[in-house]
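For this one, chain A is given, so just place chains B and C on it according to the hints.
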Amino acid sequence: MSSNNMRHLLSTKDLSRDAAINLLDVAEDMADVATREVKKLPTLRGKTVVNLFFEDSTRTRISFEAAAKRLSADVINFSAKGSSVSKGESLKDTAQTLAEIGADGVVIRHPASGAPAVLASSGWIDAGIINAGDGTHEHPTQALLDAFTIRRRLHGSASRGKSLDGVTVAIVGDILHSRVARSNLWLLNTLGAEVTFVSPPTLVPADVSGWPAKFGFDLDAAIDAQPEVVMMLRIQAERMSAAFFPSSREYSRAWGLTDARFARLSPASIVMHPGPMNRGLEISSAAADSARSTVREQVANGVSVRMATLYLLLSGDRENA
Amino acid sequence: MTQHTVLTQADITRALTRISHEILESNHGPANLVILGIPTRGVILARRIAETIRRIEPGATDVRVGSLDVTLYRDDLAHGRTRTPAQTLVPGRIDGATVVLVDDVLYSGRTIRAALDALGDHGRPRIVRLAVLVDRGHRELPIRADFVGKNLPSSADERINLHLTETDGDEFVAIEGGRAV
Amino acid sequence: MSNEPHLSDSGLSSGVPYLIRGATLPDGTRSDVLLTGGRVAELGHGLSHAGATVIDADGLQALPGLVDLHTHLREPGADQSETVLTGSQAAARGGFTSVFAMANTSPTQDTAGVVEQVLALGERAGYVTVQPIGAVTKGLGGTQLAELGAMATSRARVRVFSDDGLCVSDPLLMRRALEYVKAFDGVIAQHSQEPRLTEKAQMNEGALSGELGLIGWPAVAEEAIIARDVLLAEHVGSRLHVCHLSTAGSVDVIRWAKARGINVTAEVTPHHLLLTEDLVVGYDARFKVNPPLRRREDVEALRAALADGTIDIVATDHAPHPIESKDCEWDAAANGMVGLESALSVVQAAVVDTGQLAWADVARVLSATPARIGRISGQGQPIVVGAPAELTLIDPAARRVFGRADLSGLSANSPYLDMALPGRVIATFHRGTATVLDGVLRDATEVARLNGVLHG
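Chains as they are written, first to last, in the numbering used here: chain A, 1 to 321; chain B, 1 to 181; chain C, 1 to 456.
So that you can see chain A by itself, here it is in the shape it has in the complex:
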């Protein structure tokens, strides 16, 4: 049983298979806590976790907040919107302030790709850094909760220790701008799943020859291949004005999980969405609300995975990490 001390969680790319499975297993233990009489652990008593959000994301923030509180950590929410940060305070000054407050862990959401990595390597603050979404780079805890959700659907209570070897996953939508897509790519690949991306040609990064995935433009072909998991990505309205595709109607027709496409999926398949959903655009209500949809489980599992992450980062000697 490996129990490497993790210092930060910045991306899924540098997560080993053992470390990933270990984290998902710990998340199983954390999920069990939610079924008990007392849904709280004393584990991180006396630790301070700061949610440093430079971008609004109520769902992600409350998920981390619930996770930290269930582990008895003190939680400080620092919304950088409307604070001194929006008045020009630098990331460096903010980080140094948090260091003085005594933050043990910083959960950071930032519109700039790499901001968590800069925070972790800067020397401004000696806290565990968790990337809660940076620009169009990564969103590792989202991928971990997605993998956790898939594993639970496939293996139920026998999930511990299992990988996702051979599981076929189609990820559909705006790959170019999606940090969820990137984090899932690396993690699912590490866990042995086979990833296929489906998107308009304008929404694929310039050179994906190094990505361990298949790429296609035809959602119907991808559906005909009967993937075990279909993950729909949120499409941002502003992409339309930037000429990535002609109209939301055309997008929905070609790349939306419509009722007709949903009906052609295997009854055993899983439909996922990181939320928030654009119903009727990338996913139909019938698909989103069906028993095959994991949208609501994903939210609950998010707390378990984030508890596991906080535990693994904030316990043990940090200087030995």
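It is possible that part of the hints are untrue.
Claimed, not checked - If you want the footprint, here are the derived chain A segments under chain B, 3+ residues with CB under 8 Å:
(1) 29 to 37
(2) 232 to 241
(3) 244 to 256
Said to hold, decoys possible - A short, non-exhaustive set of chain A residues, derived as facing chain B with CB atoms under 10 Å:
(4) K69
(5) L71
(6) V75
(7) D317
Quick caveat, the hints were computed from the structure, so don't treat them as lab data. Beta carbons are placed, not taken as given, at the ideal position from N, Cα and C, and that holds for glycine.
Here is chains B and C on its own, set in the frame of chain A:
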């Protein structure tokens, strides 16, 4: 470093049989018993005790057995390597039950302190008892065992090696290092 | 207006003669070099001169004083990053005797008044010849031509015009600018970057930008502008200079244009000859620069093009920034690197030690040709008797870990800190005066005093 065997496999079996009898005796039978082992080896010992009780008392089919991991309740989590928790499986509700915690070696008592905290988050048992295969002394907390396989006074610089077939392939309790006792 | 070159060669006297013993000249021969009266007075073996300061140059390489066609001195407007004085000191430290000061100051160098002010600041500092570049468009706005003629006929005698940092993207404006500067033998130095294709761009567009989630700066955005501009230059019969070429495709376009007889020259920076985009992986903003660091194959193509003459010169694009502009998240960081102090070492590492360029070639690409493109007198001349005493002595055998102490400018945004680099500038002579001696920068008041003697 030489080690000196203090319990053989047969000794261990005899000790567990005696502990099983003592548990039944103190509980006036098998009713409402929940045997919870502390991972890793405590879980194996708990299963063996539960099996023994069922064998002794043919009516005791409802003796429940499970595991109670204490990792997330330890008081030393800020130090050393990050510990990976083991699974907790509490069989049903424990409110009003007699819970017997089972561990392999009782030493500082800190593991049992953590176990009592963990247990409290699962419910409110009527009675909590403690069974250990080896009690080596050196308590740091006011905790004592109700059922002991073998009291093994040792010095702090000695090691107790406790092997069980399921985890180690062989089975014995030995004492290693330090000054000869 | 005076018809005299502003850098009059006559009557320069440093006061102190220097006798350099046993230096290796660019052609590989060894010679003593006597500098006196602001000129190379004598070459040969066993020279002697009463009262001369003797410098043992055994093992040292002599080069004509280096000329940087692309420097940002930041003054006026951003003197917390660099001033004309500190930039001149950085230049001298790097072996330069002349720098062309880019126009993106505040106020912009788009009038005779501002370019003359920069010229005067350079003269007062005295470390190098500071030759102002004029903006192509008013305020670098990209819509209206600046007063190119007034700058050309000012005391600053501007010949190079550039909106560097921004591209003159309007094709009609570019055509007019190219045509207009023919009146005074000027050249448009274009920052080739198609603006729409590079909106919010952060790094080279390719496999890595996709992985890192940084908006890509595609090679085609540079190549398309270069292709358009060489065709425009051909059409109107003008002279075009392409700043900081960064892609293999750009090399192909330049090669094609030159084969066609188009009057184009091209420049590459030291950093594009050495560094690659992989350095962006840690999001360390010291490696953020525009145009961005490219792929290994681009670096190889640029080196080969410099060796075969397709690329004419190396210029630093020395771009100082204060700490806070780099000590932040990548997107928020400023583009640019300081490069004057490290340029020669980086060129040595990239193309000399690899055998692609001899020291004579270095003299060509870092001195003679940039001086010719910039139409500056008294610079870039071969080390021959009678030439102006503009000279650099370097120790090519030295190796050092480049550090903060190697920087003489105000800013420390060097990508080479903690990197091992070959070569070291031992001495720089400008107008017969040592601005750097034994690797140490001469004191500013001393240099200014000697300069005062010269102008007095």
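>> Just to be careful: measuring from the Cβ of A:V75 to every Cβ in chain B, is the smallest value less than 10 Å?
In response: violated, 18 Å
> Counting residues of the region 232 to 241 of chain A that have a beta-carbon nearer than 8 Å to any beta-carbon of chain B, does the count reach 3?
Replying inline: violated (count 0)
> Would you say the region 29 to 37 of chain A counts as covered by chain B, given the rule of at least 3 residues with C-beta under 8 Å?
Replying inline: Check passed, 4 qualifying residues.
>> For the restraint on A:D317, tell me whether the closest CB of chain B is nearer than 10 Å.
In response: Holds, about 6 Å.
> Counting residues of the region 244 to 256 of chain A with a beta carbon closer than 8 Å to any beta carbon of chain B, are there 3 or more?
Replying inline: Our answer is that it is violated, as 0 residues pass the Cβ test (under 8 Å) against chain B, missing three.
> Does the interface hint hold: is A:L71 within less than 10 Å of chain B, judged Cβ to Cβ?
Replying inline: holds, 8 Å
>> Using the nearest Cβ pair, does A:K69 come within less than 10 Å of chain B?
In response: A:K69 check fails; min Cβ-Cβ to chain B is 14 Å, beyond 10 Å.
Of the numbered hints listed earlier, those contradicted by the structure are 2, 3, 4, 6.
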